[in-house]
Amino acid sequence: MEPINQVKSVITPLDRKNVDTDQIISKEFLKRIERTGFGRYLFYHWRFDEQGNERSDFVLNKPEYKGSQILVAQDNFGCGSSREHAPWAILDYGFRVVIAPSFADIFHNNCFKNGILPIKLTEKECDEILEKGMQSPYHVEVNLEEQTVKGLDGSIYSFSIDPYYKEMLLNGWDEISLTFQYEEHIKAYEEKRIVF
Amino acid sequence: MAKNIIEKIWDSHVVYEEPGKPDLLYIDLHLIHEVTSPQAFEGLRLAGRKVRRPDLCFATMDHNVPTKNLPTINDPIAKKQITTLAENAKEFGIQLADIGHPDQGIVHVIGPELGLTQPGKTIVCGDSHTSTHGAFGALAFGIGTSEVEHVLSTQTLWQSKPPTMEIRINGKLGVGVAAKDIILAIIAKWGIGVGTGHIVEYTGEVIRNLSMEERMTICNMSIEAGAKAGLISPDNKTVEYLRGRRFAPKDEQFEKAAEYWLSLASDAECSYDVVLEIDAEEIEPIVTWGTNPSMGTGITKNVPSVEDFETESDKAALRKALTYMGLEEGQPISSIKIQHVFIGSCTNSRLSDLRTAASIVEGKKIHPGVRGIVVPGSHSTKLLAEAEGLDKIFIEAGFEWRESGCSACLGMNEDIIPSGERCASTSNRNFEGRQGAGARTHLVSPAMAAAAAIEGHFVDARKYVKQEV
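Keeping their order, the protein sequence lines are chains D and F.
Residues in the first sequence are numbered consecutively from 1, following our numbering.
Residues in the second sequence are numbered consecutively from 1, following our numbering.
If you're looking for bench data, these hints aren't it; they were derived computationally from the structure.
For glycine and all other residues, C-beta sits at the position ideal for the given N, C-alpha and C.
One or more hints might be untrue.
Claimed, not checked - Not everything, but these chain D residues come out facing chain F in the computed CB check (under 7 Å):
1. Lys27
2. Tyr164
3. Tyr189
4. Phe196
What the hints assert, rightly or not - Simulated DEER-style distance windows between Cβ atoms:
5. F:Trp190 with D:Glu34: 31 to 41 Å
6. F:Arg319 with D:Ile156: 29 to 39 Å
7. D:Gln51 with F:Lys68: 21 to 31 Å
8. F:Lys337 with D:Gly154: 54 to 64 Å
Excised from the complex, chain D in its bound form (with noise of 0.2 Å):
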């Protein structure tokens, strides 16, 4: 996977709690088999009508947020199904943070595979950043080597990150690969494994 570690763009205000897998990513697309490609099915029935024509109103629509690189949302982002579908289509459509009070935990985990930094900050925080970006393009400069995001407005969130996943990200490694270099662990506990 990419490694990511400084992120700058405008940020793409969801101002939603609750985004759920079925939204980010709706079933009618997760047939295909390959992992790349499911960028333009992001928040489907959110972003087009019956007809398919783009709804104006949402946020993704807008052109001021074009090419955004960072999505921010209310809490428990990314409930619901494990799909890793819903992660593909975030990265394939363009962002690589998420910000957020709160994160799904299959989700959470999914988005470390994929080189996407999930953010965790303070709702009251994340209010903040949803208010300015939904009232002007706000742009801010994520930091993963020293865990901030940083407004153009001079403002400075810090977060925290396990540090074992900080690592995976700023290097893009494989974990299976590094997971292989255990294999003698692996091997003493089959041999110890209770088996009926």
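Based on these hints, arrange chain F on the given structure of chain D.
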């Protein structure tokens, strides 16, 4: 030191641990289906890797299989995904219950039926409802496709040990109140994020009195409370359910296994990071009115009003949900008319669910404005139900009796609810568009779905429950 079951299973599966790192956990059973696995197998092929323990994997087709006119699959993309799993299973030497195979069914229904699911196992699947297997005292959780690939290659996963949560159900459950109502009540009470980052154990007399199938319904929807997994300590019911199942240990080995399984139950003096308690007496049959599983209330209640919520964002969420659902604030739940009934899904498609629904519709006709389908959770459940004549009861009442699969729970196959129409569904998610673009889903128990099918609107199913004399 006293331990709860979560700690016991976790600690016995740590392959490697190091401060500052997640634990490397061994996985005992990897269940696989057609939708979340193709990219994982492709990843193995591209890297020239093999499946480390094909003997610990079991695959089936469930998410997009048609439930009628088999073996024809009209959707070419779905067909491609199904044939891809068959090819992958063959190439990597994984057991597969293919379409038409007697073991085929929803992955979370067949695991227990075949005895693959056992207490103390770590079980994963690329599906968030893997928590279902927790009913047996297994540590079972859903994973993404990258993790599927990781388990295929290494039979392990890096996992940070989550905090534990006890949800204790006190008191006595009312007659005609279902396991589904318990879990929907829990989610309605504390919200869909209450379990986020936690593993839950359900405890209390009410849980002990539930059957294994009812326990599966509760654990199944742990993810709808945000929990990574939900489980129940094994007891004699667990042991007896597994006795004689195909993949369960045999004879003397079974007795040894049973002793070990029972030893996994949480110790009396154990503790949890969080404890929540709910009184069973406050639980009545629940109907969800909104667009996430916490938006539910009792059948005798009304759809909430804006005044019921404090924050602007909650008020806005209510308005948005009601607009999507086509409901009015304060409208009685019993006044909501339905056009569809779906009895099925990994939550409620087991034999006891079908029996309950059949007992309500027996000798009656479903309402003229309602279309109902019954989708057994597995091929073997279907045969057992047919042996009891349940299929005839449903068909005579006006339901369609289908082949097994996930079906209208997520509408990946042709079983889709049309836009703007309303479905009383025994499934687990009522998200926007879940059962079809614009479809309006109300989550209920099998009894509530059956009663709504007869009357054409939601009704208290307790009136249909035969009182024992």
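Hints and how they fare:
no.: 1; hint: Lys27; in the structure: holds (5 Å)
no.: 2; hint: Tyr164; in the structure: holds (5 Å)
no.: 3; hint: Tyr189; in the structure: holds (4 Å)
no.: 4; hint: Phe196; in the structure: holds (4 Å)
no.: 5; hint: F:Trp190 with D:Glu34: 31 to 41 Å; in the structure: holds (39 Å)
no.: 6; hint: F:Arg319 with D:Ile156: 29 to 39 Å; in the structure: holds (35 Å)
no.: 7; hint: D:Gln51 with F:Lys68: 21 to 31 Å; in the structure: holds (30 Å)
no.: 8; hint: F:Lys337 with D:Gly154: 54 to 64 Å; in the structure: holds (56 Å)
Figure legend: structure checked against the earlier numbered hints; every hint is met.
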